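Q: Whenever a hint applies, use it, and build me the whole structure from the sequences.
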Amino acid sequence: MPDCRQLMTLLKRVTRQPPKMWGPSIVGYGAYRYTYESGRTGEAPLAGFAVRGRDLVIYVSTQSEEQKLLLSKLGKYTMGKVCLYFRRLADLDYPVLEKLVTNSVAEVKRRHE
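Using my numbering, the first residue of the sequence shown is number 368, and each one after it goes up by one.
Once the Cα atoms are required to be at most 30 Å apart in a straight line, the calculated DSSO-like pairs of lysine-lysine come out as: (1) K476 / K466; (2) K435 / K387; (3) K435 / K448; (4) K435 / K476; (5) K379 / K435; (6) K466 / K379; (7) K448 / K476; (8) K379 / K443; (9) K448 / K379; (10) K387 / K466; (11) K443 / K466.
Everything labelled a hint here was simulated from the structure, so no lab data went into it.
Values in this document were obtained by computation on a predicted structure and should not be read as measured data.
A: This is the structure we're talking about:
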């Protein structure tokens, strides 16, 4: 799938990490450790994507005002808490997507490293 190859190139360039499978369906790049207030800890990719049914999903942090502004310029997508769902990269503004991913990786590193 050409869109997956483009996403792999983007995430590898932004994270400067090789891809790694996180479970059966998530392609992740880099890693960070987190701890919940309950004391539970875990590890997650800095950035990643998956194919979910007909949609592609990129996992990004979009909490900041800058990220929310970028989302308003992104194109056709739906958003979960950290899941950005879209059908095709052609539906999105690619430079805006790249900035969203770059900002997300920087924010995750800032909070967890």
